[in-house]
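**Q** Residue-level listing of the chains:
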Amino acid sequence: GAVVSQHPSRVICKSGTSVKIECRSLDFQATTMFWYRQFPKQSLMLMATSNEGSKATYEQGVEKDKFLINHASLTLSTLTVTSAHPEDSSFYICSARDFSFDSYNEQFFGPGTRLTVL
Amino acid sequence: AQKVTQAQTEISVVEKEDVTLDCVYETRDTTYYLFWYKQPPSGELVFLIRRNSFDEQNEISGRYSWNFQKSTSSFNFTITASQVVDSAVYFCALTYGGNKLVFGAGTILRVKS
Chain F
1 GAVVSQHPSR
11 VICKSGTSVK
21 IECRSLDFQA
31 TTMFWYRQFP
41 KQSLMLMATS
51 NEGSKATYEQ
61 GVEKDKFLIN
71 HASLTLSTLT
81 VTSAHPEDSS
91 FYICSARDFS
101 FDSYNEQFFG
111 PGTRLTVL
Chain X
1 AQKVTQAQTE
11 ISVVEKEDVT
21 LDCVYETRDT
31 TYYLFWYKQP
41 PSGELVFLIR
51 RNSFDEQNEI
61 SGRYSWNFQK
71 STSSFNFTIT
81 ASQVVDSAVY
91 FCALTYGGNK
101 LVFGAGTILR
111 VKS
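Protein sequences, first through last, are from chains F and X. Under my numbering, the first residue of the first sequence carries the number 1, and numbering increases by one thereafter. Under my numbering, the first residue of the second sequence carries the number 1, and numbering increases by one thereafter.
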């Protein structure tokens, strides 16, 4: 149980295009999902917290107009990188909380999406 | 502010050696959770352990063991009799703000045969 999927796993795009990444909780309902970014040889940095049915909360320094997050259902959150540029190339990882396990405060992570902007 | 420090950037050991990965954390929360994750070259995070702030019992799981000491704000991870398959990046993480996670910089473990 508690499986999170991401699609696509890898994407290469041209500079200036927009890319959408999907994050799905497959066997549980996730009222909260998180989006992280990991640059090569660096740690994971939280970008935003996504709550179902409400606007995402972005961490300081993250451009909300560039990284659009939509959490329209209890099993799906999407991250759209708008007008992507080479500096947006990174590994994007989502996670989801299953509030039936709330007492454990655990997040379940997706496998990640590697974005390369040419 | 919440912070996780993994001072060891990279550790190299020979197979069958024991290795300890250090994790020191800072938080003002009285209730918090600590985690260890393994990230192999594929990139997918593998959950290893969760520990809450009220449970200072050490834990052993096979070749893995964890030592949690609130007095020194440390949550160290030991691999006994390391194997090549243990080679990965290991992250220590801490909850804050109720449900967010802050990660340490990670420790690259290289186990040579």
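Derived from the structure by calculation, the hints contain no laboratory data. Be careful, since some hints might not be right.
Claimed, not checked - Just so you have them, the derived chain F footprint on chain X, three or more residues with Cβ under 8 Å: (1) 44–52; (2) 56–62; (3) 86–100.
As the list claims (entries may be wrong) - Derived Cβ-Cβ restraints for the label pairs, each shown as a range: (4) LYS112(X) to GLY53(F): 22 to 32 Å; (5) GLU63(F) to GLY98(X): 45 to 55 Å; (6) VAL3(F) to ASP29(X): 35 to 45 Å; (7) ASP29(X) to LYS14(F): 21 to 31 Å; (8) GLU63(F) to LYS16(X): 42 to 52 Å; (9) THR20(X) to GLY53(F): 26 to 36 Å; (10) LYS16(X) to GLY53(F): 34 to 44 Å; (11) THR5(X) to PRO86(F): 41 to 51 Å; (12) VAL85(X) to GLU52(F): 18 to 28 Å; (13) ALA105(X) to VAL3(F): 23 to 33 Å; (14) ARG63(X) to LYS20(F): 17 to 27 Å.
Treat the numbers as computed from the prediction; the structure is a model and nothing was measured. Glycine is no exception: its CB is placed at the ideal position from the N, C-alpha and C atoms.
**Q** For the segment 56–62 of chain X, do three or more residues have a beta carbon lying closer than 8 Å to a beta carbon of chain F?
**A** Coverage by chain F is violated here, the residue count being 0 at a Cβ distance below 8 Å.
**Q** Can you let me know if the beta-carbon spacing of VAL85(X) and GLU52(F) is within 18 to 28 Å?
**A** 38 Å Cβ-Cβ, so the 18 to 28 Å window is violated.
**Q** Starting from the hint 35 to 45 Å, judge whether the C-beta atoms of VAL3(F) and ASP29(X) obey it.
**A** Given a distance of about 29 Å, which is not inside 35 to 45 Å, the answer is violated.
**Q** Quick check on a hinted range of 23 to 33 Å for ALA105(X) and VAL3(F), using CB atoms only.
**A** Because 28 Å falls inside the window, the suggested range holds.
**Q** With 26 to 36 Å as the target window, see if THR20(X) and GLY53(F) comply at their CB atoms.
**A** 45 Å, violated
**Q** Falls inside 45 to 55 Å, the C-beta gap from GLU63(F) to GLY98(X)?
**A** Once the Cβ atoms are compared, 24 Å apart, the range 45 to 55 Å for GLY98(X) and GLU63(F) is violated.
**Q** Could you check the hint for me, namely that ARG63(X) and LYS20(F) are 17 to 27 Å apart, CB to CB?
**A** 41 Å, violated
**Q** I want to verify a distance hint. Is the separation of the beta carbons of ASP29(X) and LYS14(F) within 21 to 31 Å?
**A** 44 Å, violated
**Q** Using a Cβ cutoff of 8 Å, are there at least 3 residues of the segment 86–100 of chain X near chain F, or does the coverage claim fail?
**A** holds (count 4)
**Q** Is 22 to 32 Å respected by the C-beta to C-beta distance linking LYS112(X) and GLY53(F)?
**A** 51 Å, violated
**Q** Please count how many residues of the segment 44–52 of chain X have a CB within 8 Å of a CB from chain F and say whether that reaches 3.
**A** Holds: 5 residues of the segment 44–52 of chain X have a Cβ under 8 Å from chain F.
**Q** GLU63(F) and LYS16(X), beta-carbon distance inside 42 to 52 Å?
**A** 48 Å, holds
The earlier numbered hints that this structure contradicts are 2, 4, 5, 6, 7, 9, 10, 11, 12, 14.
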